[in-house]
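Residue numbers (this note's numbering), protein chains in the order written: chain C, 1 to 238; chain G, 1 to 359.
Each hint should be verified, as a subset may be incorrect.
[Claimed, not checked] Short derived list, chain C residues pointing at chain G, Cβ under 8 Å:
| hint | residue |
| --- | --- |
| 1 | PRO44 |
| 2 | ASN127 |
| 3 | ARG128 |
| 4 | GLY154 |
| 5 | MET161 |
| 6 | LEU162 |
| 7 | SER166 |
| 8 | PRO187 |
| 9 | PHE220 |
| 10 | ALA224 |
| 11 | MET226 |
By construction, these hints were calculated from the structure, which means they are not laboratory data. Note that the Cβ used here is the ideal one computed from N, Cα and C, for glycine as well.
This is what each chain is made of:
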Amino acid sequence: MEKRITIITGHYGSGKTEFAINYVMAVKKKHESAALIDLDIANPYFRSREKQGMLENEGIAVYSNVFGYDITADLPAITAELRAPLEDESMHAVIDAGGDDSGARVLNQFRKYFGDGSTMLFVVNANRPETGTVEGAARHMVSIMDETGVDIGGIVNNTHMLKETSSKDVLKGYELCKGLSERFGIPILYSCCRKDLCEGLEKEASASGYDLGIFPLSIFMRDAWMDNNILRRTKYGV
Amino acid sequence: MKEKVLMKGNEAFGETAIRCGCRFYFGYPITPQNELTEYMSANLMKAGGEFIQAESELAAVNMAYGAACSGGRVLISSSSPGIALMQEGLSFMCSVQVPVVIINVSRGGPGVGSIQPGQADYYQATRGGGNGDYHLIVYAPSSIQEASDIIGKAYDVAEKYRNPVMVLADGMLGQMMEPVLLPEMKEALAEEDIPKVKPWALAGHKDKREHNVIKSLYLQTEQLEETINGYWGKYETAKKELPEYEAYNLDGAEVVMVSYGSTSRIVLEAIDLLAEGGIKAGLIRPITLWPFPYEAFDKIGESTKAVVSVELSKGQMLDDILIGTRGRWPATLVSRTGGVLIYPQEVAERVKEFLEGVR
């Protein structure tokens with residue numbers, strides 16, 4: 001959390017948005033002013049701007065599209081206003097970029113802000129098929145660096161399986177991220193873990209001698225009804 | 001060992017189709033199903049298949065018509081207004097009895113509507129948006145895993161019945177992520193084997209048999225009637241063989257909700273909320289929308305005082321519920337529309353209100 005501007009990138013579906021929201025809330029606890037910039041112009045649903053109200057209640061400024069709260073617009077055009085938190089030296093800004101290199105492309109127009117005062121993170125979920133191997137994750141990482149011309153400064157292990165997550169998932173992801181880290185010489189900054197699983201994970205990690213850098217996650221982007229147990233019913237005619 | 005992976009619905013639909021032997025995909029981009037088209041563009045050719053981004057939905061459905069006539073396993077996909085454009089082709093394919101699987105990742109309508117999840121394509125899917133006497137067979141999965149399982153079945157049913165099968169997945173299912181266990185990779189039918197499995201297909205007679213004819217135009221009305229009567233029996237068979245539904249908590253339920261697709265998961269949570277307030281509620285979840293599982297209502301017991309359709313449309317499924325309930329219980333609608341989701345709290349409150357009125 002040393003840098004003023006943190007850019008969050010990764011393969012789409014790796015959990016960038018959930019991490020970005022949790023991260024900016026952690027940043028706000030440390031710093032007077034914090035902003036979340038939602039630069040996701042690829043996804044039509046589940047974008048961080050959906051949590052604008054919640055974040056504003058926490059004192060976090062949210063910048064997204066020109067339509068503001070009109071979150072369902074088909075063509076989410078970004079607003080020029082989002083240069084304000086990037087220019088304001090007193091503001092700590094977290095940028096939630098869209099998925100893949102194509103989602104990260106939009107960062108290019110803001111490149112002049114991405115100097116020593118910024119860092120770009122790469123979020124990995126090893127349970128996503130395209131980033132399930134070091135090679136696959138490396139391919140995405142390189143393509144994002146190539147697209148933006150910005151070096152990735154840290155890896156975030158966000159390996160999970162939603163409600164079916166166990167500490168094994170996080171540890172599996174950590175192993176994969178270690179491979180990435182060694183190949184590129186980029187540190188693993190955090191391993192994200194749903195809050196209720198953190199204690200168990202810590203025990204397992206210390207038994208394995210790992211320092212995971214556990215980042216406890218609250219789940220904001222997934223409504224409870226989505227994870228209702230669908231196995232408790234009786235099927236007919238199948 | 002097979003392992004679950006975490007996939008977005010649209011990706012999982014595409015990967016499943018490829019694994020089920022689909023080798024032809026034709027589509028045109030539309031939100032919220034774009035990732036499916038994108039996935040096929042990146043992955044279908046790796047499996048030896050053909051991907052074409054058509055110039056419109058009308059072109060896509062007719063490309064599918066051609067590939068299906070030749071005996072290929074074909075997938076087409078779109079979202080509500082795009083599916084509307086495809087109706088002519090679907091009617092044609094039904095008229096000549098060629099199998100195809102079509103995925104509708106539905107959104108708010110009518111017209112261009114909105115890009116958020118909707119279920120207002122119920123009539124379009126189950127009553128036929130095209131002309132003439134035909135039916136689409138329609139499955140409505142409620143999770144990505146179930147969608148993946150159903151897509152495999154959809155190909156088998158489409159080929160057995162020689163009829164297009166629609167998988168009606170709302171935008172929420174297309175966009176959300178879930179752990180999914182994908183089916184094993186299945187090889188596509190080899191070209192030389194197509195005539196054995198699909199003797200009707202236009203796969204080339206090679207001077208060994210009479211040439212096959214697939215045509216939708218009849219100059220003699222009696223011939224057209226004979227053709228329709230000729231295939232109509234399969235729909236009667238389908239009504240006996242295909243209906244599927246899931247039932248939960250019907251025993252002793254004071255109110256039974258009926259809901260399909262991702263909305264049924266919202267209803268499950270509403271059932272828990274109602275239980276906290278001392279109301280026992282049950283759920284009937286149709287898995288096939290056509291043929292509709294009318295027999296599900298015969299499972300409802302004497303304790304039930306009311307039936308409620310919970311759908312993201314203005315009471316389209318309610319018509320089938322009225323057919324199925326045959327006046328045995330008062331039935332009503334709890335819904336949002338236009339791409340607005342309904343939340344468990346709202347369902348619970350409105351169901352409670354209706355129940356108080358009929359008690």
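Subject >> Structure versus earlier hints - violations, ascending order >> reply: 4, 7, 8 and 9
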